[in-house]
Amino acid sequence: MSSPVIDIENVSFAYNGQPVLENVNLAIPQGDFVAVIGPNGGGKTTLLKLMLGLLKPDTGRIRVLGEATGGATHQIGYVRQDVHINRRFPITALDVVLMGKLDPRRRWARHTAQDRREALGALERMEMAAFAGRRIGELSGGQRQRVFIARALVTAPRLLLLDEPTASIDTKGQADFFRMLKDLNREVTILVVSHDLLVVSTYVKSVACVNKRLHYHHEAEITGEMMETMYPCTVEDVCPVELVAHGLPHRVLKHHED
Amino acid sequence: MLDALQFEFMRHALAAGLLASIICGIMGTLVVANRIVFLSGGIAHAAYGGIGMAFFFGWPYLAGTIGFALAAALVMAAVTLRSRHRADTIIGVIWAVGMAIGIILLDLTPGYNVDLMSYLFGSILTVPAGDLGIMLATGVVVAGFVGVFYKDLLTMSYDEEFARIRGVPVQRLYFALIGLLAVAIVMVIQVVGLILVIALLTIPPFIVEKYAQSLLQMMVGASVLGAVFTVSGLWLSYAYDLTAGASIILLGGAAFFLVLLVERWTLLRRAKRAV
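As they're listed, the protein sequences go chains Y and G.
Residue 1 is where the first sequence starts when you use the numbering used here, and the numbers rise one by one after that.
Residue 1 is where the second sequence starts when you use the numbering used here, and the numbers rise one by one after that.
Same shape as in the complex, but just chain Y (with noise of 0.2 Å):
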């Protein structure tokens, strides 16, 4: 089996004394497609944050793709919360998509034509190309989104990680963005931070709870039959998502076993 794509051991990370992740373990096969999901407050973006190399673990060990963290850091996408983006700014589709290829040794340079073709390709994949010269304050959330996502592709990354990418999306256009995704994870092992387990367990293979321990289901954990835990995780336990589902293909989770 070849090393894991994130590679997490006995992290643990305060904010101000606060402990936010306690003794964190976990590791991501090639190729997966993870959810990690839990309550507000409980870690996600902290230990995303920790994967990126923004922040560093008070202890424990992450390896991104086989180097220690901030090594292997442009070889990540990273599309963050929309919320934090300033809408007033003036750019365009295209010209947040070239942030993608900011490249530090290049600083001087102007942005070259094999640059500009790969952001467009990039855009027409997120089917986004028409709206190349628009300004990215114009377009609607979920639109603003594949222009990020193309943003993060345009980096070439074999690892692609989204904090609460669908937050401006509705239910419907949910549904659309993660079999988007799904088709993208035939190329690159993804890391979604969600709070909606309902839309994303159709699409995921495996998901992290994380509410300062972090609970790891393998997708064989995953079955159709445990009608008794229909709430995989219960609100005094790690992550208070309430799983319903209707129909086939439903998964539930199996308990913690702590």
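Keep in mind that the hints are not guaranteed to be accurate.
Derived pair list, reagent style EDC-like, types lysine to aspartate or glutamate, alpha-carbon separation capped at 16 Å [said to hold, decoys possible]:
hint, chain 1, residue 1, chain 2, residue 2
1, Y, Lys101, Y, Glu118
2, G, Lys210, G, Glu263
3, Y, Lys101, Y, Asp82
4, Y, Lys56, Y, Glu9
5, Y, Lys56, G, Glu161
6, Y, Lys49, G, Glu160
7, Y, Lys49, G, Asp3
8, Y, Lys182, Y, Asp32
9, G, Lys210, Y, Asp103
10, Y, Lys56, Y, Glu22
11, Y, Lys56, Y, Glu67
12, Y, Lys56, Y, Asp115
None of these hints come from the bench; they were simulated from the model.
Since the model is a prediction, treat every value here as computed from it, not as a measurement.
Since the structure of chain Y is already known, use the hints to place chain G on it.
Frame of chain Y, contents of chain G only:
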């Protein structure tokens, strides 16, 4: 207007106004895009402490002012980077304390002869040729900095986290931006005054922001708009014998509110049509 140009002081005023418009158009775009208008105001006011120090200790004027403004600016930048939610309070404190230091030190300096009003409103009609050279140099440095780091500045301004991940030295770039902002502000203030600097830093970029497709367009547009305000303000002040700086600011302010009104109106009309 043309007959006004036969006076050397008017030619100097025009040149100073145009240079200030360009410097403020470029830096103001970054200020508005990075939402550091308050921080810029803090730098501009705190710099007065540097003037007081320069006079009191007998330092060279520019070295004292720039040194103090830079120190205040870098403290503000550090606070902003570290704890964003508390930054405005600390900037407010530095803003006030800087000004107070300046005033007390000038009180204590015997034979002191520069008053607060000329710091606030400047004297664009009495710009010596030497100051024009300083402003030109500042403009070249500002344009050069933005030209070299444009892509990095753009990415940092739009999405700081993404910039970090793509290997942009965000921390150093941010300090460089704030440091350059401090220098530019001090240079322009001594020519046109603090109030006009803040007006030129904020009003043109704000108006242009809505219509620009890129940061570069916003910089060019804000510079042009600032120049329009400056030239017409100077003409107003010449024709009707008004204070030049205040005329320029009021023109900008009028345009600012006009744009807001027009925007409101079109939004209302669009909403009505939709119904």
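Determine which of the earlier numbered hints do not hold for this structure and return their numbers in increasing order.
3, 7, 9 and 12
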